[in-house]
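A.B. asks: Protein sequence lines correspond, in order, to chains R and F.
Under our numbering, the first residue of the first sequence is numbered 1, with each subsequent residue one higher.
Under our numbering, the first residue of the second sequence is numbered 653, with each subsequent residue one higher.
I should point out that these hints are in silico values taken from the structure, not numbers from a laboratory.
A quick note: this is a predicted structure, and the numbers were derived from the prediction, not measured.
Heads up, the beta-carbon is just placed ideally off N, CA and C, and yes, glycines get one too.
Honestly, I wouldn't trust all of these hints.
[To be verified] Below, computed lysine-lysine pairings styled on DSBU-like, alpha-carbon distance capped at 30 Å: (1) F:K819 <-> R:K167; (2) F:K1131 <-> R:K167; (3) R:K353 <-> F:K859; (4) F:K819 <-> R:K479; (5) R:K306 <-> R:K296; (6) R:K67 <-> R:K479; (7) R:K545 <-> R:K239.
[Unchecked claim] If you want the ones that stay clear, here's a sample from chain F, every Cβ over 12 Å from chain R, calculated: (8) I664; (9) P777; (10) W795; (11) Y865; (12) I1006; (13) G1044; (14) Y1227.
Protein chains: 2
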Amino acid sequence: MDISALLTSAGINIGICVVLFSLYSILRKQPSNVSVYFGRRIASGRTRRNDPYCFERFVPSPSWILKAWETSEEEILAIGGMDAVVFLRILVFSIRIFSIAAVICIFLVLPVNYYGQEMHHKEIPSEELEVFTIGNVKEGSTWLWAHCLALYVICCSASVLLYFEYKSITKMRLSHITRSAPNPSHFTVLVRSIPWSQEESYSETVKKFFTNYYASSYMSHQMVYRSGTVQKLMSDAEKMYKMFKTVAVDPTCNPKLMPCGFCGESTSDFKILSSEVDSVKGKMNLGDLELATEKKECAAAFVFFKTRYAADVAADVLQSSNPMLWVTELAPEPYDILWSNLCIPYRQLWIRKIATLIAAIVFMFVFLIPVTFIQGLTQLDQLSQTFPFLKGILQKPFVNQLLTGYLPSVILIAFLYTVPPTMMLFSVVEGPISRSGRKKSACIKVLYFTIWNVFFVNILSGSVIRQLNVFSSVRDVPKQLAKAVPTQASFFMTYVLSSGWASLSCEVMQLFPLLCNMFKTFVLRMKGDSYDGTLSFPYHTEIPKVLLFGLLGFTCSIMAPLIIPFLLMYFFLAYLVYRNQILNVYISKYESGGQFWPIVHNTTIFSLVLTQIIALGVFGIKQSPVATGFTIPLIICTLLFNEFCRQRFYPI
Amino acid sequence: MDISALLTSAGINIGICVVLFSLYSILRKQPSNVSVYFGRRIASGRTRRNDPYCFERFVPSPSWILKAWETSEEEILAIGGMDAVVFLRILVFSIRIFSIAAVICIFLVLPVNYYGQEMHHKEIPSEELEVFTIGNVKEGSTWLWAHCLALYVICCSASVLLYFEYKSITKMRLSHITRSAPNPSHFTVLVRSIPWSQEESYSETVKKFFTNYYASSYMSHQMVYRSGTVQKLMSDAEKMYKMFKTVAVDPTCNPKLMPCGFCGESTSDFKILSSEVDSVKGKMNLGDLELATEKKECAAAFVFFKTRYAADVAADVLQSSNPMLWVTELAPEPYDILWSNLCIPYRQLWIRKIATLIAAIVFMFVFLIPVTFIQGLTQLDQLSQTFPFLKGILQKPFVNQLLTGYLPSVILIAFLYTVPPTMMLFSVVEGPISRSGRKKSACIKVLYFTIWNVFFVNILSGSVIRQLNVFSSVRDVPKQLAKAVPTQASFFMTYVLSSGWASLSCEVMQLFPLLCNMFKTFVLRMKGDSYDGTLSFPYHTEIPKVLLFGLLGFTCSIMAPLIIPFLLMYFFLAYLVYRNQILNVYISKYESGGQFWPIVHNTTIFSLVLTQIIALGVFGIKQSPVATGFTIPLIICTLLFNEFCRQRFYPI
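So here's chain R without its partners, still in its complex pose:
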C-alpha cells in the first residue's frame, strides 16, 4: 500500500462521513424522527414544538456540532451523570496524549524513519507505507535514540495526564458521593444470605438481628420477594396501562403524558417492592395473594437506617462468624437495582462468577472458529451445491465479486454484533445486583474480547508467528511482536479509517432505531412518538472501542507514526458525536458513579507497557543495546506508577 492509496481511502471515508453527518443533520429535523434522535428530551418532557414544513428542514446544518461543542462539563454532568463525564474524559485524555505524540512522532520519528536507509526515494505520494515505519531504519543505527526519546516523552506525558485525570475524577466521585441529594439508597443496606430458621420467617429474623446489634440506628426493613403472581400481575397491568396511554393520547405529538407512564414504571418498581406489605395488599385487594407473597420471601432484605454513617458502617463490617451469612452491602439506587438477581442465593455467586469467567474466556478464544467455518460454507461452490436454483445468479461476475468480497466480512461483522449481548448475558448470569454493575462487568469482558480478537489475533495471523509455536519461548515474545506490529500497521490504519469513522457515523445516525421508526411510520402506519424503550448509554460497547483505538495508537505511535493523524481525527469526531448523543439521545437512569475509570486507567497502563515491550523487541532486532537498556527502566517505572495510583486512588 502506498501513500496515495491511503489518502484515497481516507478521502473516501471522509466523504462518507460528511455525507452521513449531513444526512443526520437533515433527518434530525424531521418530526417523525424525534423519538429516534431526541429520546432524552422526550423522556424529560422537553421537546420543541414542531416546525412547519419549510425549506430549512431539508438543508444540512452544523448547528448540532456547535451545540455539542459549547455545552459545558457541568451541563453534561447534570444531564448524563458522572459516567458520561468519565467517558468524555477518556476522549479528552486521548486527544491530549495523541496530540503530544503527533508532535514528537511527526517532527522527530517520521523523518528518522524516512531517511533511515540510504535508498532512492520516490515521489512521496507513490512511496510505500513501509518506508515510514521503523522497519526502514538500518540495523545498529545510532538514530534509534529518537525513537527511545519519543517513547519516553509519550509514556511520561501519558502517566502525568493519567495521574491528573484520575485525581480529578476521584475528586468528582467524592463530591458525587457527598454532595448528591439525599437518596433512599444512602440509608439502605442490602442484606443477603439471611439464615433460614424453622421457627420464624426471614422478616422476623432480620428484625431480631438488627434490633439486637444496631438498636440505635436501625429503622425498618423490607424483604425482597421472588417475582411471583403479584409481580407478574403488576407488570401486566403496567404494560396495559402504557399501551392504553399510547393509544389514547392525541396523536399529534403531545408527549407530555409520556413521562408519567415512564417515570411511573421505574419508580413504582421500587415503591411497590419497598413499601410495606400492606400497601401491596391494599393495591391488589386480593386476600389470598398475601399468602402467596409470604411464601415467596427471598433470603434478602433492604434494611433502612436512621443515619447515612450507620448504613455505611453496617455495610462495611463483617456481620457474622460465617462470612457467607448476613452479607451486607450498600444498596444500589432504586433505578439501578437488578431485581431479578436479588433472589439468587449468595452461596451460588462465587460459582457463577467462576463459571462465567471460564465461559467468557472460552468464548473469546473459540469465537473465530465458527466464524471461519461459516465463512467457508459461503464459498461459491458450496452455495451453488446447496441451493442449485441459485447457480444461474451466482455465475454472474458482479454477484460473484460481491459475494466473495463482502460476504465473509458481513458474516464477521454480524457475529461481532452478537458479542456485547453475549457478554451482557454472561454478566447477568454472574449475578450482580445493580444494572451499573452488570454493565461494568460486561464492559470488562467486551474489552478483553476486543483487544484479543482485533489486536492480537490480527498480529498473530498476519505474521510468521502462526507458523512458529507461539509458546516456543517466553523471551522471544517481544521480538515476535516487534516483527509483527510494523507490518500490520497499514492494516490498523485502514481499520481506524473504516471501522472507527464508520462506527461514529452509524452511532450518530442510530441506524437500527431509525429503521424501526421508519418501519413503524411507513409500513405499520403507526403515528406519533410511539417511544418503545429507553436507551441508556451503551458504555459496555463504546468504552472498549475507544480503548482499543488508544491501544492501537500507543503501540503504533513510534513504529508507524502515520496512524496518529487519523486517530486524532477519530477521537475529535468521537468527542463531538458522543457529546451530541449524550445531550440528545441517551437517558441516564442509573450510573456507576465513575467506576469505569479504573478500567480505563488499567487498560492505558497495559497499552503503555505493551508498547514498551514491543519497543524492546524492536530495539533488540535493530541491535541497539543502548535503547534497549533505556527501555527496561521505563517499563519498571510505568509498573511502579500503576501500583502507586492503585494505592492512592483505587480504594475510593
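Using the hints, position chain F against chain R.
C.D. replies: Frame of chain R, contents of chain F only:
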C-alpha cells in the same frame, strides 16, 4: 538403591535418633541446662527445685514423651497460644491424611507397582527401589485405575480433613478474638500517615480530627516518638539494670528474680511509650529533653476508644478522601508491636513491599549459584593451590575422603542456615508493624524458598530436564515432572530419613543454646541461669519444613508409596517433639491468632494440585486415557474447593 540399603539407612537414622533422644532425656535433668531446656518455665517463674546429685539424673527416661503426649489441647492453648495449637494441628492433619494414604497405597498401589511387569522378582531385600514405584507399571496397563482410585481417595479425604480443620480453627480464632481477656489493644487503633500541617503539631491534628469525627467514642491518643535520645537512654538503663540483676542475684540457681527483669522489659516498653508525655518527663526529670521528644514526633499515633466496637469501626472505615492519609488499623498487642517500624512513612510501604518481594525472588533463584561456586572453590586442587602448606595433609586419603564427601554438603547446610535470617531481614525491611506479621511474612518467604530449592531444583537437576529447555512447552510440564518425580523418589526418601529425623533431634537437643550454655559455664565460668534471651517459637522455619514434607508425601504417595511409612514416623516424632518444646522451651510473648493456617491450607491445596498434575503426566506417559480423563475433573474440583474455603473462611 535396594531395599536393604534403605533399611540400613533407616536403621542408622533410627539409632541416631534414639541415642540423641536418650541424651536429651539425660541433659534436661542437669541443673546447668535448665535455662536451655526450660526457658518457658523460667520465664513464667515456675522451676523445679534442683534435684541432688543422684543416679536417676544419669539414666535416660521416656518421661518427657509421656508428658508431651498427655497434655491436652486446652493446656497447649493456654501455654503456647493459638499459633502453637495451629502448628500442632498441621502435624495432626498430616498424620491423619498420611495414615489414610498409607493404608490405600500400601495395600493397593504397592502390589500393583510390584507386579506391574512380568519379570523375575529377586528376594525382596535385594530388590531395587524402582520396582516399587509407578515406573514399574507397564504402558497401557489396565491396573492404573488403582492409582487413580488412590489419588481420588487421598484428595477427597485431604479436602474433607482440611475443611474440618479450617472450620475448627476458624471457630477457635473467633473465640480467641471474642473471649480473650480485655486488652488495651482491643480499644486501640493505630493511625498512620497523619498529614503534616504548619500550624499545629501532629498530636493536635490527631486530637482535632478524632474529636471532630468520633466525638462520642474517642478517649485519648498517644503519639509515637522516633527512638531518639530518650529511648536510647531508657534502653541503656534497662540493659544495665538487667546486667546488674544477673550479676547480683544469688548464683545458686534462684531464678525467681528473673521474671521481673523480664516482664519488666517488655511491659515498660509499652508503658513508656503509651503513657502520657508527662510521665516520660517525670521519669526523666530532664526539662530539655521534652523539646527533643517533641521534635521527634512521628506521623503515627495510637488512638484509644471507649468501646471495642468503635475501635473496630474506626479501623475498618476509610478516614479521608486520600486513602494514603489517616490510615487506620487495629493496633497489635503491646508485646507484638515492632516499635522500630511504626515511624516508617506509610508512603514508603508499598515500595518497600515490592522491593523486598523482588529481592526475595532474586535471592530464591540465585541462591544456588554462589553456593555451587564456593563448593567449586573447595575442590582439593584449588585448596592445595591456595594454601600450599596444607598440601601434605590433603594428600592423606582419609582427609581427602572427608573433604570431598562432606565439605560440599556442609557448605550447603551452612548457607541454608542463613536463609531464615535473610528472609526475616527482608520481612523487617518490608515494614510490618507487628512481630507476628513479620514472622508470618518471613514464613511465606521461607516456604517458597524451601519448596523451590528442595523440591523443584532437585527434580530439575536430577533428571533430563536440565538439558532440555524448561520452558520449551507449557503442555509438556506434567510429563517432565512425571518423568522426574519417580526417579527422585529414593532421594526424597533418604531426605526424609536424614534431614527430617535429624532436624527433629537437633530441635529437641537445642544444639546452639546448649553449646552457648556450655561455653558460658565451662569456659567463661559464669554461673547460674544467665538467661540471655527469650526464644519464641520459630514458626517461620518450622512450618515450611513440615509443609515441605507434606508436599513430598503427597507427590510421592502414589508414585513411590514406600516413602509414606517414613513420613508418618517423622510426623509422629515431630508431634511429640514440638509438643515438648512448646511446653518447656519456647515462650509465646506474642501471637498472630492462627493466621498461619491460611498459609498451610493454600500450600496443601498447592501440593494436591501438583500431585494431580504429576499424576496426569504419568497417566499420559503410561498411555491410560481413562485415568487421565478422571484426573482432570479432580483438579477442577480441588480448585473449586479451595475457592469455596476462601469464600467461607478467609475473611475472618
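A.B. asks: With reference to the structure, classify each hint as holding or not holding.
C.D. replies: Cross-check of the supplied hints:
no.	hint	result
1	F:K819 <-> R:K167	violated, 43 Å
2	F:K1131 <-> R:K167	violated, 50 Å
3	R:K353 <-> F:K859	violated, 45 Å
4	F:K819 <-> R:K479	violated, 50 Å
5	R:K306 <-> R:K296	holds, 28 Å
6	R:K67 <-> R:K479	violated, 48 Å
7	R:K545 <-> R:K239	violated, 35 Å
8	I664	holds, 45 Å
9	P777	holds, 47 Å
10	W795	holds, 34 Å
11	Y865	violated, 9 Å
12	I1006	violated, 7 Å
13	G1044	holds, 51 Å
14	Y1227	holds, 29 Å
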